[in-house]
Structures are given as C-alpha cells and as structure tokens.
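A.B. asks: What follows is each chain in one-letter form.
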Amino acid sequence: MVVAALPYGRPFSCREQDERTEHLLEGVAMAHARVQAAAHDVAFMAGRIAGTLSRTWRKIVNEPSDTASPTIASDSGGVGRVIAPVAGSSEAGSDGWACERLQAIGRNADKQAFAELFAWYAPRIKAFVMRGGASPDTAQEVAQEAMISVWRRAATFDPTIARPATWIYSIARNRRIDMVRRDRRSDAAIEDLKPLQEEVGQADTAIVALESGDRVREAIEQLAPEQLEVIRKAFFEDKSHSQIAVELGLPLGTVKSRIRHALLRLRARMQEDGR
Amino acid sequence: MIRHPVPDEVLLDYASGALPEGPSLAVAVHLELCAESRSRLAELEAVGGVLLDSVAPEAIDAAGLDAVLTRLDEPAPATLPMPRPDAEFVALPAALHPYLPPGTRWHKPFFGPSEIVLPTRSKSHLALLLRIEPGGSIPQHVHEDLEYTTLISGAFHDGFSEYSRGDMCVVSGIEHTPVAIGEEICVCIVVYRNPIILSGTFGRLINPRRWFRHRL
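These protein sequence lines are chains A and B, in that order.
What the first sequence shows, in our numbering, is residues 1 to 275, in sequence order.
What the second sequence shows, in our numbering, is residues 276 to 491, in sequence order.
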C-alpha cells in the first residue's frame with residue numbers, strides 16, 4: 001500500500017497498527033510479568049525464611065530432619081558424602097536402587113546390575129528421544145550408546161552431585177546431541193566442571209541436585225499449564241525457546257517470561273524445606 | 276561476583292540440549308566461572324531426570340540388550356588424549372581447551388581486536404576468542420540474531436552496563452560498542468550466527484559480512 005510521505009498526520013497502515021498493538025500488548029505482558037516476578041520473589045524469600053526458621057527450630061528441639069534425601073554426613077574435609085544408598089528402597093527405578101547398580105558397575109563391572117539398569121532406562125531413553133521426533137531406530141541407537149556410556153562412566157557417578165536419573169539424563173542428552181543433531185558437546189568439558197562444583201555454592205548445588213524425585217515431580221506438576229507447556233516442549237521436543245515461540249505463535253518476550261516464571265516457581269518449590 | 280548470569284531461557288536451551296555447539300561453548304565457559312549458574316543448571320537437569328523417569332517406556336527387544344552386552348567388553352575406543360593447549364592458553368577455562376589445539380595463534384586482523392576462530396564442528400555459529408587491549412573496542416555493530424559473549428578476563432562496558440570476569444552478555448537487535456575498561460587485557464568468547472553488520476560510517480565500508488562469509 002502506498003502512503004503519501006506527509007510530514008504529519010500520516011495514516012497508519014493496518015499492518016503498522018497491528019504491529020503497534022502487538023508491541024503495546026507485549027509491553028503490558030512484560031509489565032504484568034514484572035509484577036508477577038516481584039510477587040514470586042516475595043513468596044520465594046518468604047519460603048526461604050520459613051525454611052531457615054524450621055531448620056533452626058529443629059536444631060533447637062533436636063528433631064531429626066524429615067527429608068527423603070540420602071543421609072549426608074560431614075567428613076573432616078567438610079564435603080558432604082553419601083554413606084550408603086537409602087536402605088529398603090530397592091524398588092526398581094528408585095534412586096537407591098539405581099545408585100546400588102551404578103556403584104556395582106563402577107566397582108565390579110557387574111553385568112547383571114547393568115542389565116537391570118538397561119531394562120529400566122534404555123526404553124525410557126528411547127521413548128524420550130522419540131518424542132523429540134527421532135525415528136524408533138535412531139532413538140534405540142541413542143539409548144544403546146547412552147547405556148554404553150553409562151557402563152564406561154559409572155565409576156565417575158557421584159551420588160553427592162546428582163540423582164542417578166539426572167546423571168543418566170545428562171548422558172542421554174549428550175548422546176542425542178552427538179547422534180541426532182550432529183553437534184558436539186564434549187563430556188570431557190562437563191567432567192572438568194566437577195572439581196569446580198566443590199567451590200562456593202556447593203552446598204546449594206548438592207541440596208538441589210539431591211532433591212528427591214518426588215519433590216521435583218510435585219514442583220513440575222504445580223506449574224501453571226502454560227509454563228508446563230514450554231518446559232515440556234523444551235525437554236521432550238528438543239526445541240529452543242525461540243523455536244517454541246514460533247511454534248506457539250507467541251512473541252519471544254512472552255515465551256521468555258513464561259520460562260523465567262516457570263523456573264522461579266520450580267526453584268521456590270524445590271528449595272522449600274520439609275512441608 | 277557475577278552480575279550478569281546466563282539468562283534462564285538460554286540455560287534451559289543448554290540443559291535440554293537444544294543450544295548449538297557455539298553458544299553452548301560460551302555457556303560452558305560461564306558455568307565454569309559461576310557457581311550459582313551451575314546450581315541453576317543442576318535444577319534444570321534434575322527436571323530432565325524426572326521427565327526421563329516419567330515417560331512411558333518404548334520396548335527395546337532382547338537383541339538390543341545383547342548387542343550392547345557384547346560391546347561392554349570391548350575396550351573403550353581409544354579416547355584421543357586431549358591435546359594440551361599451548362602454555363599461553365592453559366589458564367583459559369577448560370571448556371575451551373579442546374578448541375585450542377597446539378599451535379593456535381592469535382590472529383591480528385587489519386582492523387579490530389586480535390582473534391582466534393574456534394574450530395567448532397557445527398558451522399551454524401561463529402565462535403571467536405577476542406583479545407581487546409585496555410581502551411580498545413569491538414567496532415560498533417548491530418546483531419541480527421542473538422550474540423553470546425562471556426568475559427574471561429578484564430572488563431568491558433557496552434554502553435548499557437559493565438561486564439567483568441564470568442559475566443555473560445546475550446543481546447540481539449541492538450547497536451552496541453563494547454569498550455574494554457580497566458588495566459587488564461579483556462579476553463572474551465563471542466558467538467553469533469549471522470555475520471555482524473557494522474553500522475558506523477567507516478564500518479559500512481569494511482562490512483565484515485564480506486570477510487566472514489567464507490567461514491560460514
């Protein structure tokens with residue numbers, strides 16, 4: 001559409017108007033997002049304060065902590081160590097069960113333990129990769145390669161840093177990057193990060209990473225539907241946040257603020273102390 | 276103290292595996308220098324772990340397990356001993372080491388700071404290590420797409436805020452001129468998809484789109 005170049009009073013074309021409206025709406029959405037973020041911050045701080053208070057109370061009345069995470073004791077170095085997998089939690093797929101098997105593989109190259117771990121995780125990795133659009137054959141290949149990496153690297157699994165499912169997830173993700181995206185993400189670089197993890201913030205990392213699967217699952221279930229949608233798309237469909245925005249037909253800013261709120265909520269829930 | 280951590284949406288892309296190699300490298304460098312971001316990554320990976328637990332499994336036939344079991348006794352494929360970078364680069368974050376094979380040299384272009392083009396396997400992004408002398412700058416430019424910068428040493432100011440060691444700057448669609456500040460030489464990793472378009476008067480003449488095209 002041709003519009004005369006008048007110095008003022010130039011009529012907007014419909015498209016321009018649409019763009020302006022969209023811009024305005026985005027601005028409103030962002031402002032709304034900021035208010036929400038502030039509310040979340042307040043809730044988060046309140047949660048932390050409540051957590052600290054309840055910890056202090058437990059110390060005062062000398063009650064044992066009721067968290068479900070493995071027992072952590074301080075050795076002379078001050079670094080938390082898991083003494084043993086949680087006794088009596090040998091149900092297939094549980095953290096204790098997987099820890100025992102990974103340790104059996106790492107120490108004794110136990111093939112029976114590996115076969116059990118394979119029976120549980122390989123079909124799940126295959127399903128996970130298929131949800132990202134890979135063919136069943138490729139997905140199975142990724143699952144097999146990931147499990148071989150699990151076998152080779154089991155000795156490096158450190159239960160003080162991550163849950164077994166988290167560790168296996170990160171290995172499977174890297175195999176998927178190698179094999180499906182034909183990109184590179186070297187495991188070596190990730191390995192090199194480990195010693196550094198023991199610096200400042202180590203306590204936080206350990207607490208969050210060892211959060212029982214149930215706690216994390218609950219946190220995920222409590223997300224708002226539109227927040228859950230972006231998180232699921234990111235993990236299951238192997239899509240970047242900008243691809244998600246295109247797919248949902250949303251402005252990038254909206255998707256970013258959904259992600260930020262989702263992560264704020266997850267973090268707040270995961271760090272809530274025993275409820 | 277990290278003032279500019281990696282944004283949530285970029286960290287999510289990293290945790291899910293959707294972030295391409297070049298930007299992942301900038302994030303990995305940041306993670307090495309920022310304990311808090313590592314803890315945020317751990318949270319996201321924990322979410323990945325729970326989602327992995329939650330999917331309905333897809334059957335793998337017995338042959339699948341057998342194929343894997345027969346491979347377990349094979350020695351691990353001789354993992355190439357990681358070549359150690361030259362002494363000059365050893366102090367750089369370990370995530371960069373695989374990209375700095377022995378013999379890597381700073382390249383001083385006719386215009387702008389010294390650079391090393393990091394040999395990424397994926398060609399979707401260009402990953403550069405830049406060395407900016409105190410007071411030096413990256414010529415004013417506009418990004419068509421996201422640009423990921425992680426400061427490894429020194430500090431710079433891009434007209435909006437100040438960045439120092441470990442800080443990560445992810446920008447798109449804005450004109451900026453990062454200027455190195457302080458006494459120290461500023462070393463950073465810069466990753467971007469499209470060739471930068473120089474927007475200064477002089478810059479337009481030597482638009483690097485021309486010079487960078489052969490690398491993309």
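Where hints are given, some of them may not hold.
Here are the simulated distance ranges between beta carbons [unchecked claim]:
#: 1; chain 1: B; residue 1: Glu408; chain 2: A; residue 2: Glu221; range: 27 to 37 Å
#: 2; chain 1: A; residue 1: Ala155; chain 2: B; residue 2: Thr345; range: 14 to 24 Å
#: 3; chain 1: A; residue 1: Ala92; chain 2: B; residue 2: Pro376; range: 43 to 53 Å
#: 4; chain 1: B; residue 1: Met276; chain 2: A; residue 2: Leu252; range: 45 to 55 Å
#: 5; chain 1: A; residue 1: Ser90; chain 2: B; residue 2: Gly434; range: 40 to 50 Å
Rather than coming from a laboratory, the hints here were simulated on the basis of the structure.
We put the CB at the ideal spot given by N, CA and C, even for glycine.
A.B. asks: Let me make sure I understand: some of the numbered hints might not hold for this structure. Which ones are they, in numerical order?
C.D. replies: Hint check: 1, 4, 5 fail, others pass.
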